[in-house]
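Protein sequences, first through last, are from chains A and B.
Position one of the first sequence corresponds to residue 1 (my numbering), numbered consecutively onward.
Position one of the second sequence corresponds to residue 1 (my numbering), numbered consecutively onward.
Note that these hints are calculated values from the structure, not bench results.
All values derive from a computational prediction rather than experimental measurement.
Watch out, some of these pointers could steer you wrong.
What the hints assert, rightly or not - Capping the alpha-carbon separation at 20 Å, the derived lysine to aspartate or glutamate pairs in EDC-like fashion look like this:
(1) B/Lys104 - A/Glu202
(2) B/Lys93 - A/Glu191
(3) B/Lys108 - A/Asp192
(4) A/Lys182 - B/Glu118
(5) B/Lys108 - A/Glu162
(6) B/Lys108 - A/Glu202
(7) B/Lys28 - A/Asp194
(8) B/Lys99 - A/Glu162
(9) B/Lys108 - A/Asp194
(10) B/Lys99 - A/Glu209
(11) B/Lys102 - A/Glu202
(12) B/Lys6 - A/Glu202
(13) B/Lys108 - A/Glu191
(14) B/Lys102 - B/Asp45
Stated by the list, open to error - Just the calculated beta-carbon pair ranges, DEER-fashion:
(15) B/Asn175 - A/Gly7: 41 to 51 Å
(16) A/Pro168 - B/Leu198: 34 to 44 Å
(17) B/Leu283 - A/Asn101: 44 to 54 Å
(18) B/Ala284 - A/Thr129: 36 to 46 Å
(19) A/Thr117 - B/Lys108: 56 to 66 Å
Glycine included, each C-beta is placed from N, C-alpha and C at the ideal position.
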Amino acid sequence: AMKCVIGGAHLRVFRRAIHAIARISDEFWFDPIEKGLALRSVNSSRSAYACVFFSSMFFQHYCWTAVSQPCQKEKQLSLPCKLIIKSVLPVFRCVNVLERNVEKCSIYTNINDHHITFQLLCKHGVVKTYNLVFQDCDPLQAVFAKHLCPNILKVHSRLLAEIMIHFPTSQEEVTLSVTPMKVCFKSYTEEDTDFSKTMLTEIQLNPEEFDYFQVGVDSEVTFCLKELRGLLAFSEVTSVPVSIHFDVSGKPIAFSIEDMVLEASFILATLSDVEKERASQQAPERENSGAVASKKPQWNSNAANTASAKPASPLAKQEIKDIPRAAKREVTGTEGTAMTEAEERAALGEAAGAQYQKVRRPRPQLQGSPISYFCKRCIFQFHSLFFGAVSCQKDAPSHSFHSLATASDTEEDFGNAQSSPV
Amino acid sequence: MRFRAKIVDLACLNHFSRVINTIAKLAKTCTLRLTVSKLYFILSDKVANGGVSMWCELCQGNFFDEFQMEGVAAEHNEIYLELVPENLSRALKTAQSAKAVKIKLTNKHCPCLRVAVELPSLSSSSRIVTHDIPVGIIPRRLWNDFREPSVPDFDVSIYLPVLKTMKSIVERMKNLSNSIVIEANLSGEMNLKIETDLVSVTTHFKDLGNPAWASEDGCQSSAQDRDLESMAEARIDIKKLQQLLAGQQVNPTKAMCNIVSKRIVHFILLHEDVSLQYFIPALA
Chain A
1 AMKCVIGGAH
11 LRVFRRAIHA
21 IARISDEFWF
31 DPIEKGLALR
41 SVNSSRSAYA
51 CVFFSSMFFQ
61 HYCWTAVSQP
71 CQKEKQLSLP
81 CKLIIKSVLP
91 VFRCVNVLER
101 NVEKCSIYTN
111 INDHHITFQL
121 LCKHGVVKTY
131 NLVFQDCDPL
141 QAVFAKHLCP
151 NILKVHSRLL
161 AEIMIHFPTS
171 QEEVTLSVTP
181 MKVCFKSYTE
191 EDTDFSKTML
201 TEIQLNPEEF
211 DYFQVGVDSE
221 VTFCLKELRG
231 LLAFSEVTSV
241 PVSIHFDVSG
251 KPIAFSIEDM
261 VLEASFILAT
271 LSDVEKERAS
281 QQAPERENSG
291 AVASKKPQWN
301 SNAANTASAK
311 PASPLAKQEI
321 KDIPRAAKRE
331 VTGTEGTAMT
341 EAEERAALGE
351 AAGAQYQKVR
361 RPRPQLQGSP
371 ISYFCKRCIF
381 QFHSLFFGAV
391 SCQKDAPSHS
401 FHSLATASDT
411 EEDFGNAQSS
421 PV
Chain B
1 MRFRAKIVDL
11 ACLNHFSRVI
21 NTIAKLAKTC
31 TLRLTVSKLY
41 FILSDKVANG
51 GVSMWCELCQ
61 GNFFDEFQME
71 GVAAEHNEIY
81 LELVPENLSR
91 ALKTAQSAKA
101 VKIKLTNKHC
111 PCLRVAVELP
121 SLSSSSRIVT
131 HDIPVGIIPR
141 RLWNDFREPS
151 VPDFDVSIYL
161 PVLKTMKSIV
171 ERMKNLSNSI
181 VIEANLSGEM
191 NLKIETDLVS
201 VTTHFKDLGN
211 PAWASEDGCQ
221 SSAQDRDLES
231 MAEARIDIKK
241 LQQLLAGQQV
251 NPTKAMCNIV
261 SKRIVHFILL
271 HEDVSLQYFI
281 PALA
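Start from the sequences, fold in the hints, and give me the full structure.
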């Protein structure tokens, strides 16, 4: 159970955070833990993940207690809830009204009733109370080892906003191209882009414009701009520099901000070169995701789950490309070769060992339960997105997959911290 | 075919941006005609446009610090391009504080106008933003489609009321009706009328003044013989009128319209260095 109070000045920041996360998905995870409150979201194709963590110091008052469910043997260390963004946005809608009239906002969770209550205490004794129902859900957390990224840029949010403003709001994908000498953001184009109909924009910058500029490897990464705009708007109210961690194409790119009371990270998948190549080879058949899928001999029943993600965007294509690999692992799993605990935990990125324990069940049971779908998708997509080949014993690891997760060593305590949580 | 131009002066750049913004509001696609001394934005009266046509003329010397053009051939030293003015408007939108803007005709993947904006930056070298705007080259055999429209044999010519006022009135009328009647006479009176089943609204303007047109032989006699009080009217699509008025970002030096009864309304908006003519045909 959690109760917290957000003071007037910080309401603006909280509101921007919710709006930023709204760019990613329609629903988000509301995850209070002892140290503070985390809001997380992941999009349907698992190609974008956002997390904003407010430490307890952000709040005027923050109180969290562990709750033990009668059916659980262990104490739940955290119980994340899933909320629909559309229900929450109206609470923080009119920003002017918000800033002038609302003195503070209290948030209470009521586990038994499955409610979260948002209470706005306004001037003149007006109190607005919103009771929102939440859904129980599995924890969501991505693990991304930022410190392993060869390329790191730090830039003031103002500059980043000034750059992105040159792209039209309809621009979906943007390519960031870096060498030690220059930085360039440009509209993304595919081989079959109709140049006679598309306006292309390119912005060239001098590395000197960045507060911190480290380019370990020349790279060109393409990511979804739409999803990033939320973070840009959010970072403007915090006036904290934005850090960009990335690697070569295909590896995720992370945009993060951090100050004394909050941390936010937006991790976006990037288009991989291999996928681009394959895409051009299979261009004629590309419209039908099913066709692509059927070429994979390993594709098994999981196709039903994942083929529904049509490759409308290049990023989705990446997902489909990676799935067969994981699908193969799933198959080996049912044959009894379970993943090691460390791998599985790394894949799910559990915040708390207790949660992890709950999830780790013998394979056959996993298939049927509602959790299994989430786990499967988690393993496949997060696996493909963030971890590359978390050592799959059977396959020769392809060169393009490097584990980005600091895979937790088996000797580490389960109860202790996870590896670089986001 | 070559074209390069450069604007360095901020005021000129803003002025040029405003013109482009106006054009962008009036036409989704239009023709850009480049000659040695002038630029023209042309919309010819096709059915697809709803019969409206537009002719906008600028003197390049008033905007560009550098302007070099080589047409398709020596005797036809002009370039006709088809483009989406909204793209150009967008490219210039973020150039408010630019050090320089260069426009060039290029042909990398396809013919493009490359707009390169040099922006000030915190570092020693400038930030450069490049926009490649796809254009279509219009072949010479089609140039005849884009000739300057002649001033119609109008019944009444009258100065328009203050555009801002006219705009807010038309905007409100737009909610009530799809068409509007413009009528005016040679006594400086103009009425804007809408009529629906439920309501009719008329706004009266007076003392607007009538421009004196230089009389050519025989042409003006019909207008001069005209009864001063008699109204010439035309019913036009209200959205087109609203678009024209909404697109004006600066008050023109002169604004007038010529009405050919039941046929067409010809609007003329003159600024110091830009002239815009817009034709809206009467509805059946």
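Is it true that alanine 284 of chain B and threonine 129 of chain A lie within 36 to 46 Å of each other by Cβ? 59 Å, violated
Run the distance test for lysine 108 of chain B versus glutamate 202 of chain A: straight-line Cα separation, threshold 20 Å. 14 Å, holds
If you draw a straight line from the CA of lysine 182 of chain A to the CA of glutamate 118 of chain B, is it 20 Å or shorter? Holds, at about 16 Å.
Given the hint that lysine 28 of chain B pairs with aspartate 194 of chain A, does the C-alpha gap stay at or below 20 Å? 19 Å, holds
Do the alpha carbons of lysine 99 of chain B and glutamate 209 of chain A lie within 20 Å of each other, as the hint requires? 17 Å, holds
Check the hint pairing lysine 108 of chain B with glutamate 162 of chain A against an upper bound of 20 Å on the C-alpha distance. At roughly 27 Å apart (the allowed maximum being 20 Å), glutamate 162 of chain A and lysine 108 of chain B break the hint.
For the hint 41 to 51 Å, verify it against the beta carbon of asparagine 175 of chain B and that of glycine 7 of chain A. Holds: the Cβ-Cβ distance is about 44 Å, inside 41 to 51 Å.
Pair hint lysine 102 of chain B and glutamate 202 of chain A, alpha-carbon separation not exceeding 20 Å: 14 Å, holds
Are the Cα positions of lysine 93 of chain B and glutamate 191 of chain A separated by 20 Å at most? Judged against 20 Å, a Cα distance of about 29 Å means the pair is violated.
With the threshold set at 20 Å, check whether the alpha-carbon distance from lysine 6 of chain B to glutamate 202 of chain A stays at or below it. At roughly 19 Å apart (the allowed maximum being 20 Å), glutamate 202 of chain A and lysine 6 of chain B satisfy the hint.
Can the restraint linking lysine 108 of chain B and aspartate 192 of chain A be considered satisfied, given a maximum Cα separation of 20 Å? 15 Å, holds
Run the distance test for lysine 108 of chain B versus aspartate 194 of chain A: straight-line Cα separation, threshold 20 Å. 13 Å, holds
Of the hints listed earlier, those the structure fails to meet are numbers 2, 5, 14 and 18, in rising order.
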